[in-house]
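*Asks:* So you can see what is in the structure, the chains are spelled out below.
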Amino acid sequence: AQSVAQPEDQVNVAEGNPLTVKCTYSVSGNPYLFWYVQYPNRGLQFLLKYITGDNLVKGSYGFEAEFNKSQTSFHLKKPSALVSDSALYFCAVRDPILTGGGNKLTFGTGTQLKVEL
Amino acid sequence: DAGVTQSPTHLIKTRGQHVTLRCSPISGHKSVSWYQQVLGQGPQFIFQYYEKEERGRGNFPDRFSARQFPNYSSELNVNALLLGDSALYLCASSPQAVGRPDFMNTEAFFGQGTRLTVV
Numbered sequence: 001a002q003s004v005a006q007p008e009d010q011v012n013v014a015e016g017n018p019l020t021v022k023c024t025y026s027v028s029g030n031p032y033l034f035w036y037v038q039y040p041n042r043g044l045q046f047l048l049k050y051i052t053g054d055n056l057v058k059g060s061y062g063f064e065a066e067f068n069k070s071q072t073s074f075h076l077k078k079p080s081a082l083v084s085d086s087a088l089y090f091c092a093v094r095d096p097i098l099t100g101g102g103n104k105l106t107f108g109t110g111t112q113l114k115v116e117l
Numbered sequence: 001d002a003g004v005t006q007s008p009t010h011l012i013k014t015r016g017q018h019v020t021l022r023c024s025p026i027s028g029h030k031s032v033s034w035y036q037q038v039l040g041q042g043p044q045f046i047f048q049y050y051e052k053e054e055r056g057r058g059n060f061p062d063r064f065s066a067r068q069f070p071n072y073s074s075e076l077n078v079n080a081l082l083l084g085d086s087a088l089y090l091c092a093s094s095p096q097a098v099g100r101p102d103f104m105n106t107e108a109f110f111g112q113g114t115r116l117t118v119v
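Quick note, the sequences are listed as chains L and V, same order. Residues in the first sequence are numbered from 1 upward in steps of one, following the working numbering. Residues in the second sequence are numbered from 1 upward in steps of one, following the working numbering.
Bear in mind the hints are in silico, worked out from the structure with no lab data behind them. Watch out, some of these pointers could steer you wrong.
Unchecked claim - Computed far set for chain V versus chain L, every beta-carbon distance over 12 Å: (1) Ser33; (2) Pro43; (3) Leu81; (4) Ser94.
Claimed, not checked - Coverage of chain L stretches by chain V, computed from C-beta distances (three or more under 8 Å per stretch; other residues unrestricted): (5) 35 to 48; (6) 101 to 107.
Bear in mind that the values here come from a model prediction, so they are computed numbers and not experimental data. Even for Gly, the Cβ is constructed at its ideal location relative to N, Cα and C.
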């Protein structure tokens, strides 16, 4: 089965500074990787995905992610953090389900991002 | 266009009761999945339905069941509620189609969730 790991429970960054939220993955075959953000008492919002092609993926709200096959990482980045970016961030991998022919998202444990003035 | 809508947004149930949660996918999306998110954890996959057929089931007991209707809306049912079933239940819809090349790479769109509290 595929899996992702988010090694940091919380990341603190000052507004205006660059931010990085880390994610590593373990897959067999091609990786289909996603980042989602969750604001308090809300569902998950899609930020970006890596399928194939360029290792730097551009997403919503100025976020981007860097895919690194040799390090099996898919870190989320933003050049200049905003206080409004404070939220819970989840890395996920698409995982096929052999019985039934479906698939599912397998999520990491999440990283709380706190951006302070 | 409306996003994924879930109802109710909150509810409180007593141990041993039954609950039904509802989800309407984005128009045109035929795939609906359900996830359970316990406080402090990432969402855990419960079910996927596509074209009214169950296409996947996560590691949940038989007390959990679901179905998808002809209009692609879905219900999640949980019987004999336990305190540990307290969680945010998320529904996700996707335009992905079984057998298509983009089946694995299509993002899922999530509703705002139903917060279930079992007392």
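*Asks:* Are the hints correct? Go through all of them and say.
*Replies:* Taking the hints in turn, this is what the structure says about them:
At roughly 7 Å from the closest C-beta of chain L, the C-beta of Ser33/V falls inside 12 Å, breaking its exclusion from the interface. Residue placement check: Pro43/V does not keep its beta carbon more than 12 Å from all beta carbons of chain L (closest about 5 Å). The Cβ of Leu81/V sits about 21 Å from the closest Cβ of chain L, beyond the 12 Å cut-off, so the non-interface label holds. With a cut of 12 Å on Cβ distances, Ser94/V falls inside the contact zone with chain L, its closest approach being about 9 Å.
Against chain V, the region 35 to 48 of chain L contributes 7 residues with a C-beta closer than 8 Å to a partner C-beta. That satisfies the three-residue criterion, and the hint holds. Counting residues of the region 101 to 107 of chain L whose CB falls under 8 Å from any CB of chain V gives 7; the rule of at least 3 is met.
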